[in-house]
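Residues per chain are reported as follows:
There are 2 protein chains.
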Amino acid sequence: MISSTQNERIKEYAKLNEKKYRDETNLFIIEGIHLVEEAKKYGIIKEILTTNPNIEGTLVSVEVMKKITNQKSVVEVCAICEKLNKKEITNKVLILDNIQDPGNIGTLIRTAVSFNFNTIVMENCADIYSSKVIRATQGAIFKLNIINAKIDTFISSLDGYKIYGTSLKNGVPLKEIKKSDKLAIILGNEGNGVRDEILDMTDKNIFIEIENMESLNVGIAGGIIMYELK
Amino acid sequence: MISSTQNERIKEYAKLNEKKYRDETNLFIIEGIHLVEEAKKYGIIKEILTTNPNIEGTLVSVEVMKKITNQKSVVEVCAICEKLNKKEITNKVLILDNIQDPGNIGTLIRTAVSFNFNTIVMENCADIYSSKVIRATQGAIFKLNIINAKIDTFISSLDGYKIYGTSLKNGVPLKEIKKSDKLAIILGNEGNGVRDEILDMTDKNIFIEIENMESLNVGIAGGIIMYELK
Chain A
1 MISSTQNERI KEYAKLNEKK YRDETNLFII EGIHLVEEAK KYGIIKEILT
51 TNPNIEGTLV SVEVMKKITN QKSVVEVCAI CEKLNKKEIT NKVLILDNIQ
101 DPGNIGTLIR TAVSFNFNTI VMENCADIYS SKVIRATQGA IFKLNIINAK
151 IDTFISSLDG YKIYGTSLKN GVPLKEIKKS DKLAIILGNE GNGVRDEILD
201 MTDKNIFIEI ENMESLNVGI AGGIIMYELK
Chain B
1 MISSTQNERI KEYAKLNEKK YRDETNLFII EGIHLVEEAK KYGIIKEILT
51 TNPNIEGTLV SVEVMKKITN QKSVVEVCAI CEKLNKKEIT NKVLILDNIQ
101 DPGNIGTLIR TAVSFNFNTI VMENCADIYS SKVIRATQGA IFKLNIINAK
151 IDTFISSLDG YKIYGTSLKN GVPLKEIKKS DKLAIILGNE GNGVRDEILD
201 MTDKNIFIEI ENMESLNVGI AGGIIMYELK
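Chains as they are written, first to last, in this note's numbering: chain A, 1 to 230; chain B, 1 to 230.
Accuracy of the hints is not assured; some may be wrong.
It does not matter which identical chain is meant; a pair holds if it fits inside one copy or across any two.
Straight-line C-alpha distance at most 20 Å; calculated SDA-like pairs for lysine to any residue [said to hold, decoys possible]:
{"#": "1", "residue 1": "K204", "residue 2": "E176"}
{"#": "2", "residue 1": "K175", "residue 2": "E228"}
{"#": "3", "residue 1": "K67", "residue 2": "E228"}
{"#": "4", "residue 1": "K66", "residue 2": "M1"}
{"#": "5", "residue 1": "K40", "residue 2": "N212"}
{"#": "6", "residue 1": "K67", "residue 2": "N116"}
{"#": "7", "residue 1": "K150", "residue 2": "P53"}
{"#": "8", "residue 1": "K182", "residue 2": "A136"}
{"#": "9", "residue 1": "K132", "residue 2": "Q100"}
{"#": "10", "residue 1": "K179", "residue 2": "T90"}
{"#": "11", "residue 1": "K20", "residue 2": "T50"}
{"#": "12", "residue 1": "K46", "residue 2": "N17"}
{"#": "13", "residue 1": "K230", "residue 2": "N212"}
{"#": "14", "residue 1": "K72", "residue 2": "F207"}
Simulated from the structure, these hints should not be mistaken for lab results.
Generate coordinates for the entire structure from the input sequences, incorporating the hints supplied.
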């Protein structure tokens, strides 16, 4: 059993609470038995750590678990995982431009998987591998092809895809957009939307007709568009 | 200028951070100039309090403002408002059964207003008049008829409305539901959904077809249904 928070491996794992180290090592932490069981199916687990001798994995003390998970409440099990590295671009792609709220990212990913948008491209967004986002996605993250890329470069590389931005001004109502086999939808920052230079590169920009309010929450807008065009 | 946090009126206002006192007094607090300006249009403001002499209202110290708003970061202006008491049941009604997350309640209300579901009926939900929910709704709350009621009693009182529950089992796919002039949609608890005894009282129960995941976030599900049936 590892009981010292000064153990070198434990100190390395605890650093994974910071995006910088997750980026450097290509590793991330998941918490809770549900996510660990799910991750097993994808063969991405490097090490399971647990405070419960009945769970398969490296036994650690409560203090060590708290240090790794950076939580006040103790989780019984966590795992160090390797980031997935799929290559295939699926027919339905969701592109996120500068979305900052981890809750929005988590909800969008859960919705994307539900509607088979299984490639997520992100530029300048809240980190998808933070434990908060991973909890919010309820395991959806393991099913995805996740790409961090410049959106303009990525869009230019797509072949045979309809590319739809979202915009409050000069948009085409969602009801007028036809489904297509291969499509990419771009959602933008909570306050500012998709950048103009990206909107200029799309086939069309979508608008959801609403009344009374200026805009929908980005997670809701994304959910409605993916439902309609899936 | 009121500078003492022991001022009797200030002490009364600070209590409004608790649901119990909001229920007793029919008052609630809003924060920030945007919401205050919006609330003015509806004539519901009892008193504006501000730390800025250039804003119309009762001048208070930073300490007093912190006490009233229960926040570490100081807002420049807040207002004590009376709960709205509209009576008309609009043609589109959103019914929430035991929804506990303030973020979900806030997002659902913003979406409801956007799609003209201007009556919200709630039983056993997170309090809509908490400052967190009010911030999340971005002023949508002022446009609504908000009713706290037993859902079974409320449904029984509706005349000429189609009543749709939401259910993961035995539901009718959303695409098969026809629009109607008068309708009420019922959304349920994040973990358990709408109670069975309520589902038994509806005309139909709606199901959104998804893949890979067990369910959508309740805010997303509600957004998609309201968009489709508005």
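Cross-check of the supplied hints:
| no. | hint | result |
| --- | --- | --- |
| 1 | K204 x E176 | within (11 Å within a copy, 28 Å between copies) |
| 2 | K175 x E228 | both (8 Å within a copy, 10 Å between copies) |
| 3 | K67 x E228 | neither (44 Å within a copy, 46 Å between copies) |
| 4 | K66 x M1 | within (15 Å within a copy, 47 Å between copies) |
| 5 | K40 x N212 | between (47 Å within a copy, 16 Å between copies) |
| 6 | K67 x N116 | neither (36 Å within a copy, 48 Å between copies) |
| 7 | K150 x P53 | neither (45 Å within a copy, 47 Å between copies) |
| 8 | K182 x A136 | neither (27 Å within a copy, 35 Å between copies) |
| 9 | K132 x Q100 | both (13 Å within a copy, 19 Å between copies) |
| 10 | K179 x T90 | within (15 Å within a copy, 33 Å between copies) |
| 11 | K20 x T50 | neither (25 Å within a copy, 41 Å between copies) |
| 12 | K46 x N17 | within (16 Å within a copy, 46 Å between copies) |
| 13 | K230 x N212 | between (28 Å within a copy, 14 Å between copies) |
| 14 | K72 x F207 | neither (43 Å within a copy, 38 Å between copies) |
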